[in-house]
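S.K.: Spelled out from the first residue to the last, the chains are:
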Amino acid sequence: MVAPTIRVQREDFDTAIETEALTAGCTDIGAVVAFTGLCRSEGNRLAALELEHYPGMAEAEMRRIAGLAIEKFDLLGLTAIHRHGRIEPGGQIVLVIAAASHRQAAFDGANFVMDFLKTAAPFWKKEHSTDGKAGDWVAARDADDAALTKWQ
Amino acid sequence: MVKLVYFAWVRERIGKDEEELDLPDTVKTGTDLIAHLTGLGENYAEAFQFPKAIRIAINQEHVDHHEPISDAREIGLFPPMTGG
Numbered sequence: 001m002v003a004p005t006i007r008v009q010r011e012d013f014d015t016a017i018e019t020e021a022l023t024a025g026c027t028d029i030g031a032v033v034a035f036t037g038l039c040r041s042e043g044n045r046l047a048a049l050e051l052e053h054y055p056g057m058a059e060a061e062m063r064r065i066a067g068l069a070i071e072k073f074d075l076l077g078l079t080a081i082h083r084h085g086r087i088e089p090g091g092q093i094v095l096v097i098a099a100a101s102h103r104q105a106a107f108d109g110a111n112f113v114m115d116f117l118k119t120a121a122p123f124w125k126k127e128h129s130t131d132g133k134a135g136d137w138v139a140a141r142d143a144d145d146a147a148l149t150k151w152q
Numbered sequence: 001m002v003k004l005v006y007f008a009w010v011r012e013r014i015g016k017d018e019e020e021l022d023l024p025d026t027v028k029t030g031t032d033l034i035a036h037l038t039g040l041g042e043n044y045a046e047a048f049q050f051p052k053a054i055r056i057a058i059n060q061e062h063v064d065h066h067e068p069i070s071d072a073r074e075i076g077l078f079p080p081m082t083g084g
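Residue numbers (UniProt numbering), protein chains in the order written: chain A, 1 to 152; chain B, 1 to 84.
To be clear, the hints were calculated from the coordinates, so they are not data collected in a lab.
Don't take every hint at face value.
[Claimed, not checked] Within a straight-line C-alpha distance of at most 30 Å, the following computed DSSO-like cross-link-like pairs (lysine-lysine) qualify: (1) B/Lys-3 to A/Lys-126; (2) B/Lys-16 to B/Lys-3; (3) A/Lys-72 to A/Lys-133; (4) B/Lys-52 to B/Lys-16; (5) A/Lys-150 to A/Lys-126; (6) A/Lys-125 to B/Lys-16; (7) A/Lys-125 to B/Lys-3; (8) B/Lys-3 to B/Lys-52; (9) B/Lys-28 to B/Lys-16; (10) B/Lys-52 to B/Lys-28; (11) B/Lys-3 to A/Lys-150; (12) B/Lys-28 to A/Lys-133; (13) B/Lys-28 to A/Lys-150; (14) A/Lys-133 to A/Lys-150; (15) B/Lys-52 to A/Lys-125; (16) B/Lys-3 to B/Lys-28; (17) B/Lys-52 to A/Lys-133; (18) B/Lys-52 to A/Lys-150.
Construct all of the structure, not just a fragment, from the sequences and the given hints.
M.R.: And the structure:
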């Protein structure tokens, strides 16, 4: 069983360094897909997002989802990193890297992890607007729940 | 005593991020717990105004509202998640 790398951190991450760490020494890997989620400004409306998480459970859920993906798609490596704290537009929020023998499994693995991470990993986004107000909590999207049905 | 932890707008509306409570024996499930908390004050009533929107975790694992809470050391109550 491949052991995933899971991290929840305030600091930024470097996709190149994480990819190198994931693939180092494993010459059976033929495909690596890296997904990076960024903070949008929503047309200059947002100054930042504040990411809150449930310490302990966030890591545990990410590890559980990663394990499902590794098993389902025979992944040879998986890294998932989610940031918390204040992140400004253009900043990186989340990284998922899936490695497999062939490309379809790597694409599907990264896609699967993101779909489940959005609906099951305990993170919440609060908007801070450019007019200085602490805005609303981001509402969960039905489309994110609907996205899960493709894996059933 | 059970430790309750709150996140996002549940935390903001209640006005605290965690607390330890003695629950009455009549509180057996997540549904019972939310109903009990709703009676503790206006801030709780506001946080749990739409009980079906609330997600529950027992000992840091997601559970349905009808699950028993008897083995819980820690119960998390929070809105639908918006990470990723």
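S.K.: Does each hint hold? Answer for all of them.
M.R.: Hints, one by one, checked against the model:
1. Of the pairs offered as hints, the one joining B/Lys-3 and A/Lys-126 holds, with about 25 Å between alpha carbons and a cut-off of 30 Å not exceeded.
2. For the suggested pair B/Lys-16 and B/Lys-3, the alpha carbons sit about 12 Å apart, so the restraint of at most 30 Å is met.
3. Among the hinted pairs, A/Lys-72 with A/Lys-133 is inconsistent with the structure: their alpha-carbon atoms are about 44 Å apart, more than 30 Å.
4. Taken as a hint, the B/Lys-52 and B/Lys-16 pair is honoured in the structure, with Cα atoms around 21 Å apart against an allowance of 30 Å.
5. Using a Cα cut-off of 30 Å, the hinted pair A/Lys-150 and A/Lys-126 holds, with the two alpha carbons roughly 28 Å apart.
6. For the given pair, A/Lys-125 sits about 18 Å from B/Lys-16 by alpha-carbon distance, which is consistent with the 30 Å threshold.
7. Pair hint A/Lys-125 plus B/Lys-3 holds up; C-alpha atoms about 24 Å apart against a cutoff of 30 Å.
8. For the hint linking B/Lys-3 to B/Lys-52, the alpha-carbon distance of about 21 Å falls within 30 Å, and the restraint holds.
9. Between B/Lys-28 and B/Lys-16, the direct Cα distance comes to roughly 23 Å. Compliance with the 30 Å bound is thereby established for this hinted pair.
10. Taken as a hint, the B/Lys-52 and B/Lys-28 pair is honoured in the structure, with Cα atoms around 17 Å apart against an allowance of 30 Å.
11. Our distance criterion of 30 Å between C-alpha atoms is broken by B/Lys-3 and A/Lys-150, whose separation comes to about 37 Å.
12. Between B/Lys-28 and A/Lys-133, the direct Cα distance comes to roughly 41 Å. Violation of the 30 Å bound is thereby established for this hinted pair.
13. Under the criterion of a C-alpha separation no larger than 30 Å, the hint pairing B/Lys-28 with A/Lys-150 is inconsistent with the structure, at around 35 Å.
14. Using a Cα cut-off of 30 Å, the hinted pair A/Lys-133 and A/Lys-150 is violated, with the two alpha carbons roughly 38 Å apart.
15. With a C-alpha separation of about 20 Å, the suggested pairing of B/Lys-52 with A/Lys-125 holds against the 30 Å cut-off.
16. With a C-alpha separation of about 15 Å, the suggested pair B/Lys-3 and B/Lys-28 falls inside the 30 Å cut-off, and the hint holds.
17. As the CA atoms of B/Lys-52 and A/Lys-133 are separated by approximately 29 Å, the hinted pair is consistent with the 30 Å bound.
18. About 25 Å separates the Cα atoms of B/Lys-52 and A/Lys-150, which keeps this hinted pair within 30 Å; it holds.
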